[in-house]
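**Student:** Start from the sequences and build out the full structure, keeping to the hints where you can.
Residue numbers (the numbering used here): 1 to 163.
There could be a bad hint or two in this list.
Straight-line alpha carbon distances no greater than 30 Å define the calculated DSS-like cross-link-like pairs of lysine-lysine that follow [claimed, not checked]:
1. 45 - 24
2. 45 - 26
3. 122 - 133
Simulated restraints on C-beta separations [to be verified]:
4. 4 - 99: 45 to 55 Å
5. 18 - 110: 30 to 40 Å
6. 74 - 8: 31 to 41 Å
7. 5 - 156: 35 to 45 Å
8. 114 - 74: 16 to 26 Å
9. 125 - 29: 44 to 54 Å
Treat the hints as calculated values from the structure; they're not laboratory data. Glycine included, each C-beta is placed from N, C-alpha and C at the ideal position.
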Amino acid sequence: MNAPDILTAAHRAGIRLSLADNGKLKFAGRQAALDRLLPEIRAHKAAVLAALAARDPRLDRHRRFSVIRADGAVLSVSRCPPCALADVQADYPDGVCEVERVPETAVALAPADLALAQAVLKAWGEDDPVTIKEWMDGLVRDPGRLRQMRAQAVALGLVSRDG
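**Tutor:** The following block contains the structure:
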């Protein structure tokens with residue numbers, strides 16, 4: 001079963017699946033029907049959450065997210081177009097995900113980092129001015145993001161690990 005199949009089966013069985021205000025799954029309906037469907041819901045929980053989030057007009061859409069993986073690594077994740085938190089949670093089911101709060105003020109990038117960031121964007125083929133500005137602003141505000149960009153530049157072969 002996939003998420004749409006689960007949602008259809010739940011509806012037919014009289015089970016109401018929805019998102020709680022905290023982004024978790026909540027359900028109501030006959031216990032016997034729920035007991036039959038619960039193993040499938042658990043097996044595909046992230047996909048079910050994402051499907052429900054896509055239908056939920058109450059959910060905000062965001063571009064930036066922080067993800068803390070099970071190994072303790074912290075990722076800064078950007079999405080274009082903006083998406084709901086549940087979409088990112090579906091992509092990182094073993095991580096703790098939250099919306100990144102964006103400070104209003106920022107200073108400029110160092111010239112070498114600016115040139116490197118522009119080279120990374122060119123390598124990615126990114127040409128949307130809004131996305132570029134938001135991504136660059138994120139590099140300025142977040143040293144972790146700047147480190148990730150430098151590592152990406154190395155991975156793309158734009159600079160050596162020493163350079």
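**Student:** Evaluate each hint against the coordinates.
**Tutor:** Evaluated hints:
{"no.": "1", "hint": "45 - 24", "verdict": "holds, 10 Å"}
{"no.": "2", "hint": "45 - 26", "verdict": "holds, 11 Å"}
{"no.": "3", "hint": "122 - 133", "verdict": "holds, 14 Å"}
{"no.": "4", "hint": "4 - 99: 45 to 55 Å", "verdict": "violated, 26 Å"}
{"no.": "5", "hint": "18 - 110: 30 to 40 Å", "verdict": "violated, 48 Å"}
{"no.": "6", "hint": "74 - 8: 31 to 41 Å", "verdict": "holds, 37 Å"}
{"no.": "7", "hint": "5 - 156: 35 to 45 Å", "verdict": "holds, 39 Å"}
{"no.": "8", "hint": "114 - 74: 16 to 26 Å", "verdict": "holds, 24 Å"}
{"no.": "9", "hint": "125 - 29: 44 to 54 Å", "verdict": "holds, 47 Å"}
In summary, the structure is inconsistent with hints 4, 5 from the numbered list given earlier, while agreeing with the others.
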